[in-house]
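*Asks:* Here is what each chain is made of, one letter per residue.
2 protein chains.
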Amino acid sequence: MTTVFGELDHVLLMAPGPSPVAPNVLKAMSIPTLGHLDPDCIKVMDAMQEQLRAVCKTKNAVTFPISGTGSAGMEATFVNLVERGDDVLIVNNGVFCSRMVEVANRLGAQVDVVECPWGQPIDPAAVKAMLDKKHYKILAAVHAETSTGINNPIAAIGELVKNSDTLYLVDSVAGLGGVDMRVDEWGIDAFYSGSQKCLSVPPGLAPASFSDAAMEAIAKRKTKVPNWYMDVSLIRKYWEGSPRVYHHTAPINMYYALHQALDNLLTEGLDAAFARHTAMHQRLSDGLAKLGFTPFVKEGGAPQINLYLPPAGVDANALRACLRKEHKIEVAGGLGDLAGKVIRVGVMGEGAREEPIDRLINAVKACLNK
Amino acid sequence: MTTVFGELDHVLLMAPGPSPVAPNVLKAMSIPTLGHLDPDCIKVMDAMQEQLRAVCKTKNAVTFPISGTGSAGMEATFVNLVERGDDVLIVNNGVFCSRMVEVANRLGAQVDVVECPWGQPIDPAAVKAMLDKKHYKILAAVHAETSTGINNPIAAIGELVKNSDTLYLVDSVAGLGGVDMRVDEWGIDAFYSGSQKCLSVPPGLAPASFSDAAMEAIAKRKTKVPNWYMDVSLIRKYWEGSPRVYHHTAPINMYYALHQALDNLLTEGLDAAFARHTAMHQRLSDGLAKLGFTPFVKEGGAPQINLYLPPAGVDANALRACLRKEHKIEVAGGLGDLAGKVIRVGVMGEGAREEPIDRLINAVKACLNK
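In order, the protein sequence lines correspond to chains H and Z. For the first sequence, my numbering assigns the number 1 to the initial residue and increments by one for each residue that follows. For the second sequence, my numbering assigns the number 1 to the initial residue and increments by one for each residue that follows.
For the record, the hints were derived by calculation from the structure and aren't laboratory data. Small disclaimer: the values here were computed from a predicted structure and weren't measured. Certain hints may be false.
Unchecked claim - In silico EDC-like cross-links for lysine to aspartate or glutamate, where the CA-CA straight-line distance does not exceed 16 angstroms:
#: 1; chain 1: Z; residue 1: LYS43; chain 2: H; residue 2: GLU7
#: 2; chain 1: H; residue 1: LYS43; chain 2: Z; residue 2: GLU185
#: 3; chain 1: Z; residue 1: LYS328; chain 2: H; residue 2: ASP40
#: 4; chain 1: H; residue 1: LYS328; chain 2: Z; residue 2: ASP40
#: 5; chain 1: H; residue 1: LYS325; chain 2: Z; residue 2: GLU185
#: 6; chain 1: Z; residue 1: LYS57; chain 2: Z; residue 2: GLU185
#: 7; chain 1: Z; residue 1: LYS43; chain 2: H; residue 2: ASP9
#: 8; chain 1: Z; residue 1: LYS224; chain 2: H; residue 2: GLU102
#: 9; chain 1: Z; residue 1: LYS133; chain 2: Z; residue 2: ASP87
#: 10; chain 1: H; residue 1: LYS224; chain 2: Z; residue 2: GLU102
#: 11; chain 1: H; residue 1: LYS57; chain 2: H; residue 2: ASP180
#: 12; chain 1: H; residue 1: LYS133; chain 2: H; residue 2: ASP112
#: 13; chain 1: H; residue 1: LYS365; chain 2: H; residue 2: GLU326
#: 14; chain 1: H; residue 1: LYS57; chain 2: H; residue 2: ASP184
#: 15; chain 1: Z; residue 1: LYS325; chain 2: H; residue 2: ASP40
#: 16; chain 1: H; residue 1: LYS43; chain 2: Z; residue 2: ASP9
As the list claims (entries may be wrong) - Here are the in silico distance ranges between beta carbons for each label pair:
#: 17; chain 1: Z; residue 1: LYS128; chain 2: H; residue 2: VAL245; range: 28 to 38 angstroms
#: 18; chain 1: H; residue 1: LYS365; chain 2: Z; residue 2: ALA213; range: 46 to 56 angstroms
#: 19; chain 1: H; residue 1: GLY241; chain 2: Z; residue 2: ALA289; range: 31 to 41 angstroms
Glycine included, C-beta positions come from ideal geometry on N, C-alpha and C.
Based on the provided sequences and hints, a complete structural model is requested.
*Replies:* Written out as structure tokens, the structure is:
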């Protein structure tokens, strides 16, 4: 037998996730595994919870990574909060918002959708108009739309339900660590992210946080959460109290990676990291503008997710193929209506640095001149 | 800021999971991350699927790891097969069988339970008696009960539903790789395991397999699977066909680890690995017998999961504390009625070797003589 490892390229990951992983994070992943109830495992968990609270700007007790990828975070937040027949309002301006609609529908929610144009930030007035007409148990929105390169105004949308009993559910899979996120100040009740975007950890964990109001709503459910694996009230007992109550076996090596990456981020400082993402986004846009590329998003663009229309006569998919084949660089293509029309470039975590950005710009130039 | 890594012990993992991880598997985990649609990522996935089919002894097209721990495998198999009101028969002789009951109930199944004494293998006659009385959509059993140290007669139970339309769902979280598993020959329709037991991969993946009959039953559902993240019909499109259809971002570094560990296992040969587990189980039992320990399971005991009653006057929990504190070795305690009464020792994967077994026996001796 043999493995395929010898055949793998070392690819510079400049798609909007997964992002490049720092060497010390890859190294942390290979620390020998610990048992899920070992006191040393609990040390890692406790330290990681404090880091996550700092990065999410929350005091929420229930703050930990769900054992799955970012989409598991989506599933976990909805399945804990939604009971069949619950009214849910979802703001839709991209692929991941549409996924929320699908997840909530499958759980039996009564879903209403505020349809907003893709490629533009959500207009809070459109959300308010819906909220004025009907009472919702949950209002859900995506912070950073990976499909279109938009950061939505999560704080302004949150204001609309702040003094109500409507729970505010927010996806920041592609935002956390790259742009500001204030779970408590913005009134977010159920929050999730993904490890593989601006946190620069391999995919496999979904940092999540639930407010006291969300946990009270879960405690008042008439039916049990129809997903034992993701029942946060059970998982919570594993993350706090003494003794810890076993739920499922913690993916400890992924915890090591997240713990190290969060340390990298907090050592740099959140504001410095956000400024770096913005500066590197600008460096990339300037470099590509000189090569004739136009940003797809005119206003409210996310620094960490960049969609560009190539210059006339350049095929986006051929360019991507050249970058991957000749230069071992991954960038993503457009989704939905944008397929084949744009390139999507991540400026995320370890990818938001001068060396990878310049390498990408130079490689694009070389591909155009071929 | 700082990490806690400097404070962590290197612990020899001799509980029934997680098991020790081979150095080349830890090293594989730190191979640079690849994008989830990169052709090189697909190479890893294709190779891993072939390996999994070989280890599970199946030709099932739908064979891949669920992106979560072993319990995610349980959730995934049940949530795909069960619709509200479906009749499900679960054979119960341990903690993980009881978990199945909870998972199925939460999904709205009509669950009947064959209660069997804990610490004894299931008697197929008891299952037959239930099957004779009522038609079930699903019959579910646990292969290796981590809580009691039993390997259940999965082949004999499977015979009971082989020529029927009842789907056979089997948990081999703690069996796969340590004892024989024949998914096709034994008529298993929905199968799952965990990475962190006899496969000796860190926790975080649940290898799973679905028969054509299971996939047909899923295709005939009247309602969508109420769990988007674990919908195998969607995930399947990511594992086969061209182009691959994105579902969720694959936890690629965990795939590296599983790919390497499966290569280790298949290079050794399955039969050789099973024989090694049996021999190391015997070595451990002989060594502990000399120190006055008695096996808890008299017959049908699993080589990979060993429960021992300590000699008179020895407190099981004090012994465990001594092993962990003085010798940096983890063994588990009893669950449920067995709490404080037994030690549970894993002879799993990389733990099923002379060096760790002898180190454990010597450490137990040292603790008894303290």
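*Asks:* Does each hint fit the structure? Answer for all of them.
*Replies:* Quick rundown of the hints versus the structure:
no., hint, in the structure
1, Z/LYS43 to H/GLU7, "holds (9 angstroms)"
2, H/LYS43 to Z/GLU185, "violated (45 angstroms)"
3, Z/LYS328 to H/ASP40, "holds (11 angstroms)"
4, H/LYS328 to Z/ASP40, "holds (11 angstroms)"
5, H/LYS325 to Z/GLU185, "violated (44 angstroms)"
6, Z/LYS57 to Z/GLU185, "holds (8 angstroms)"
7, Z/LYS43 to H/ASP9, "holds (11 angstroms)"
8, Z/LYS224 to H/GLU102, "holds (10 angstroms)"
9, Z/LYS133 to Z/ASP87, "holds (12 angstroms)"
10, H/LYS224 to Z/GLU102, "holds (10 angstroms)"
11, H/LYS57 to H/ASP180, "holds (9 angstroms)"
12, H/LYS133 to H/ASP112, "holds (11 angstroms)"
13, H/LYS365 to H/GLU326, "holds (12 angstroms)"
14, H/LYS57 to H/ASP184, "holds (7 angstroms)"
15, Z/LYS325 to H/ASP40, "holds (11 angstroms)"
16, H/LYS43 to Z/ASP9, "holds (11 angstroms)"
17, Z/LYS128 to H/VAL245: 28 to 38 angstroms, "holds (36 angstroms)"
18, H/LYS365 to Z/ALA213: 46 to 56 angstroms, "holds (55 angstroms)"
19, H/GLY241 to Z/ALA289: 31 to 41 angstroms, "holds (38 angstroms)"
Hints 2 and 5, counting from the list given before, are not met by this structure.
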